[in-house]
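Protein chains: 6
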Amino acid sequence: MLNYGNLTWTAVEEAAKADPKPRIILPVGSIEQHGPHLPLNTDSIIAEHVAVAVSDKLSSILFPTLSVGFSLEHTGFPGTISFTAQTFSSMIIEIVEHLYVSGFKKIIIINGHGGNRAILDSTITTIKHTHPDIQLYAFTIIDVAKERYNELRKSSQQMIGHADELETSMMLVIRPELVEMGRTLSEKPTFPPNVSLESDDLARVTYAWKTKQVTQSGIIGSPNLATREMGRILLDYVIETISRIVENG
Amino acid sequence: MLNYGNLTWTAVEEAAKADPKPRIILPVGSIEQHGPHLPLNTDSIIAEHVAVAVSDKLSSILFPTLSVGFSLEHTGFPGTISFTAQTFSSMIIEIVEHLYVSGFKKIIIINGHGGNRAILDSTITTIKHTHPDIQLYAFTIIDVAKERYNELRKSSQQMIGHADELETSMMLVIRPELVEMGRTLSEKPTFPPNVSLESDDLARVTYAWKTKQVTQSGIIGSPNLATREMGRILLDYVIETISRIVENG
Amino acid sequence: MLNYGNLTWTAVEEAAKADPKPRIILPVGSIEQHGPHLPLNTDSIIAEHVAVAVSDKLSSILFPTLSVGFSLEHTGFPGTISFTAQTFSSMIIEIVEHLYVSGFKKIIIINGHGGNRAILDSTITTIKHTHPDIQLYAFTIIDVAKERYNELRKSSQQMIGHADELETSMMLVIRPELVEMGRTLSEKPTFPPNVSLESDDLARVTYAWKTKQVTQSGIIGSPNLATREMGRILLDYVIETISRIVENG
Amino acid sequence: MLNYGNLTWTAVEEAAKADPKPRIILPVGSIEQHGPHLPLNTDSIIAEHVAVAVSDKLSSILFPTLSVGFSLEHTGFPGTISFTAQTFSSMIIEIVEHLYVSGFKKIIIINGHGGNRAILDSTITTIKHTHPDIQLYAFTIIDVAKERYNELRKSSQQMIGHADELETSMMLVIRPELVEMGRTLSEKPTFPPNVSLESDDLARVTYAWKTKQVTQSGIIGSPNLATREMGRILLDYVIETISRIVENG
Amino acid sequence: MLNYGNLTWTAVEEAAKADPKPRIILPVGSIEQHGPHLPLNTDSIIAEHVAVAVSDKLSSILFPTLSVGFSLEHTGFPGTISFTAQTFSSMIIEIVEHLYVSGFKKIIIINGHGGNRAILDSTITTIKHTHPDIQLYAFTIIDVAKERYNELRKSSQQMIGHADELETSMMLVIRPELVEMGRTLSEKPTFPPNVSLESDDLARVTYAWKTKQVTQSGIIGSPNLATREMGRILLDYVIETISRIVENG
Amino acid sequence: MLNYGNLTWTAVEEAAKADPKPRIILPVGSIEQHGPHLPLNTDSIIAEHVAVAVSDKLSSILFPTLSVGFSLEHTGFPGTISFTAQTFSSMIIEIVEHLYVSGFKKIIIINGHGGNRAILDSTITTIKHTHPDIQLYAFTIIDVAKERYNELRKSSQQMIGHADELETSMMLVIRPELVEMGRTLSEKPTFPPNVSLESDDLARVTYAWKTKQVTQSGIIGSPNLATREMGRILLDYVIETISRIVENG
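Chains as they are written, first to last, in our numbering: chain A, 1 to 249; chain B, 1 to 249; chain C, 1 to 249; chain D, 1 to 249; chain E, 1 to 249; chain F, 1 to 249.
Calculated from the structure, these hints are not laboratory results.
Hints are supplied without guarantee of correctness; some may be wrong.
[Unchecked claim] Partial chain C-side listing against chain D, Cβ under 8 Å, derived:
| # | residue |
| --- | --- |
| 1 | Ala11 |
| 2 | Thr75 |
| 3 | Ile119 |
| 4 | Pro132 |
| 5 | Asp143 |
| 6 | Asp201 |
| 7 | Trp209 |
Source: prediction; values computed, not measured.
Glycine included, each C-beta is placed from N, C-alpha and C at the ideal position.
From just these sequences and the hints, can you work out the full model?
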């Protein structure tokens, strides 16, 4: 693995001439409330952890983590920072544009925050329209983990969660000193369209929500059920899966 | 059902004072290539058809269909029209803003084009941040139909399709005279990361693609297997499901 | 006449190769208050009606109507929806850009709302600067009709009107069931610079105004004098005139 | 007349407290080709001349002339400078916004360039929407002069002109040393839709055009017929008319 | 010296073909409070005066002064007008872009307002990125004068000033009738980080400030010490220095 | 020192209620060519190092480093990444806006890249205009170090440098393993206006330049003269100076 920021321009020039050219791994996270027990940068920590491991496996180049994302659904809880959709999208476009000019055409975004997914999706479509010869992947960690997580979880199955069993388990592996397990609790809000988190309807509709309106703690789910063991299994699974998909590409 | 455009301003004023206030149903489609057998406005036709039926069921107010969406992934095929992400998002924000000022706080977007989903998702989050007392739903028809479709389809199961068995079946119900069944064929492209359409990996990663690069015809799937019967079942299912979810909300 | 949305991409491809290439007719309207007697989408209905007829006469391709325009002067009356100038202009630019890429270089905008005229004018200048080989026309229906209308009208002559004898007469032809003639009345506001509607000064100055500040009903003019007969004469005249000008072009 | 730029902030403060508050006169011009015989800043010179005189008559405050406008239709001729529509509109909005905050609510724009008219029109509508208590007038000099000009002109009547009998006559009064009468000539282009300049159709349609495509010299009209006498009559008429309309307001 | 606005397009064409091509001198000022004794347009007057003299010395072409700049730090005092950073930057980019297209590649910005400096700096970097063959200089008059001013001034040395000994002295030369010496006074605010104006720390940090918060009069410095003699020396020095640097370029 | 990202939202809430409220330290760097001997993220590394130390000294809260800045002057060398001025400015505005909403009103930006300075300066002025009660400081490390550096340096004095004695010395302290001293060399370009780096004129003019046009290596200066000792002295000085200024504020 090479660290993009630690390279000289001459090293970048060489790398971009290699055959095959190395992939660029771009971790994207968020700074947003993650309940009373997890740090604001939980998504960035997880994204960076996975990105480092994937970069290692694939001998790729790791770009510095973009630590702030699109988190307007978590405002109202102190600490949450968010770019607008337009600023966040422009950031991605401009970074990829310069990588492209430097000679890199395979960019793998590893995203730790579900709320970033939509903007990443529309943004990579926009970039692809301009540069049809680019390869752009956007992995959102929860999407990669979901099937395996649903097999393992102790909490009831649900589509969506935040600061929950999954994220807390992963953090117990990566940065256990930042997890205040004593402050975990379980919140299962009913979402605006009167749909409980267990309902299959959650796959059928998107609705605008704010954690501040549906939770007290900022938690959606049951982080109290988190274990380091599950965290390790899921992180391994996510890292393996991303590496496998990208390697085949 | 009331047709928003056909109301006078005095009728809008009355409607906005009703208890409960009527919901606004906003159909969103696209103008983009749909293979050699379906019209450019397939997504708009389906979205409008569903929106009319839902408006009827829920005694809601139907807003005029936004017929152009975000379709950059289909450029290269003549006829495709697309707004940029920013213009499309601004359109939604500005329409909802004026509806809000007129007194409407429950807005149901019914979207016929998968490529619009991401922008709608981030846009409704942005609006909710400004107006926390608004209720915004975004239904993408393929998401609503998926589970039921997977039970019924004759084509092999896949995450994604375009101008396929699903859309063609629905069009055979709504506008059969616009479907050229004789020109249907089956295309199953392999997507950039070497993932076949049958792979579960399709749920784990988003990648930038262009139909022009992976298909000859613009079709992804097997529209040749479409039937009017399936179209009817799925449209009924979609209309029922959206109405049920919204009604509970 | 061909309906753009109803074409397949292969049909668009063929059309764009024809000699001469068909023109694209793009109707643009508004959703805004039109007094207590006319529907919000009056401008869209009239623009679409004219556009259909012109498309027929000229064997052109009819694009779907853009039903929302720039209507900030009518806010304050419930129901009015407006894009910002920038969003509305971007919509036009992006649609025309994709039509141009698809091979169409003659675009005829048929506009039903006076308030859109200014943005259309500056926008087509911007597009022409980018693509000097494009032909872009913007017809605003009131401008086309004016001379003939002034010969026929029973109301006193005036520069500007809204939901007036002209629009009401046309609607009595196109959608009589949407006209509540019993609610018509006559309002002749004095505009901010103390200029009555009969004054020639109305051709010499533009001033910012809001219907909400100068009318009770939203009407400017005398829709009570409208007749179906005048509507038919004027619609015929508008359709003939646009067709003649475009055909010579 | 007071010159806005020459005031101290304490003088502005006093002026904004006067009863009635003085009006602000804002001249807007352009830097664009004006044929081989008139300078690039013809529109700015004429607008400023009229604005000074109107400010004097009405004891108003004269704002510095905005010398660059929206002139994309004249690019291709060296020397033409143009803002984009968005930049030009933002300039007007931001200037008026600060004038409003300083206490001024009557703003009179005196515009020397026909190509600016459309943007000024939509921009003042936008400002009025934000600040309903503002009074905004936009005078375009050709519109004010037209009727009188048509009575006096030696050239054949036409809707539109550029660097023509009207502008040249006015310049012969204001800055005769900048007029190269020996280089005047007469050009009467046929416009894209095959409409001659004498046709009434010019009032019925707007079409995108570039002077570079329809003229050799950049002239549209007959500046060779210009006289200082007509310039004086028309300038007096324009100044009187604007002053009269504003004074009544 | 040629005055850009006074040229015909044919004269611009010739000038752009000359060898060497003439430079374009672009004066930029501001409309903002300058204490109780100096006019709002002080910066524009000084910038234009210097620009005229430099244009004369270098046989350059003088562009019309941009009289409004970026002055948000002076809002709160009546009369201050400011563009946003984005509008101001776009104005510069668009003007230079059209000059470039007309054939001019050496552009000298002469800026009279310290608050414009930052935007000019980032803007010329942006333009240079697009057009590497352009030569763009941005002189801010206070920067050019500083060393010489510090030798001559009677006021205590300081990094920053506004409506101070320097500007007042220059205005006593250029437009003495606009200087109300009887209203001058001396204000030496302590800036937010408790740094006096004499401190060397002023070169080490930038902090956001508003004159309204740190002064009563809008003055920062000692304009009461201004003399016409110093104004003349400094203006001569500035004009000589700019001309010398540009001439060598 | 607290690490912003590592806090829970409840900890942020408490911190924002403390008296006095802690300051937020925001490090800003760049990813750009730094010659053949220093890594792309040199500016980010130095900014973060200083920010950590200042946060420690002042018991402040350290925000995650923004690792990409505005570096268009270094494009052409592979590896350089740059946001546009608008995106970079929006990022700062949006982060500060959310910090402000969370209760923090003292924000200290520590910037490692000279090319970011201009945008930071205009951006904090914009923010201050919106929130007059905020305290915003922007330190650019070269500005803080300059006087002391000029006393110590072995290279000839110059205004500007890049990947030079200063930056290389600092990197020898912070990340010596990333410095390839064997590849250092000395380049002293003459800048576009024929001004050598030793000239005092460098303080009198800003001109647009690109390192690609004036250097071979990307170096401006003499990094071969760098020493770890000087790096330590200067870093200590910078950290002390920033802390002292902020503490007094």
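Does Ile119 (chain C) pass the interface hint, meaning its C-beta sits closer than 8 Å to a C-beta of chain D?
holds, 5 Å
For the hint on Pro132 (chain C), just tell me whether its beta-carbon gets within less than 8 Å of chain D.
Holds, because the Cβ-Cβ distance from Pro132 (chain C) to chain D comes to roughly 6 Å (cut-off 8 Å).
Taking 8 Å as the limit, does the beta-carbon of Thr75 (chain C) come near enough to a beta-carbon in chain D?
OK, holds: Thr75 (chain C) within 8 Å of chain D, min 6 Å.
Taking 8 Å as the limit, does the beta-carbon of Trp209 (chain C) come near enough to a beta-carbon in chain D?
The hint holds - Trp209 (chain C) has a Cβ within 8 Å of chain D, the shortest such distance being about 7 Å.
Per-residue hint verdict: Asp201 (chain C), partner chain D, C-beta under 8 Å
Check passed: Cβ of Asp201 (chain C) comes within 5 Å of chain D, closer than 8 Å.
Minimum Cβ distance from Ala11 (chain C) to chain D below 8 Å?
Status violated, d = 27 Å.
Given hint Asp143 (chain C) near chain D, where the shortest CB pair must fall under 8 Å
holds, 6 Å
Of the numbered hints stated above, the single one contradicted by the structure is hint 1.
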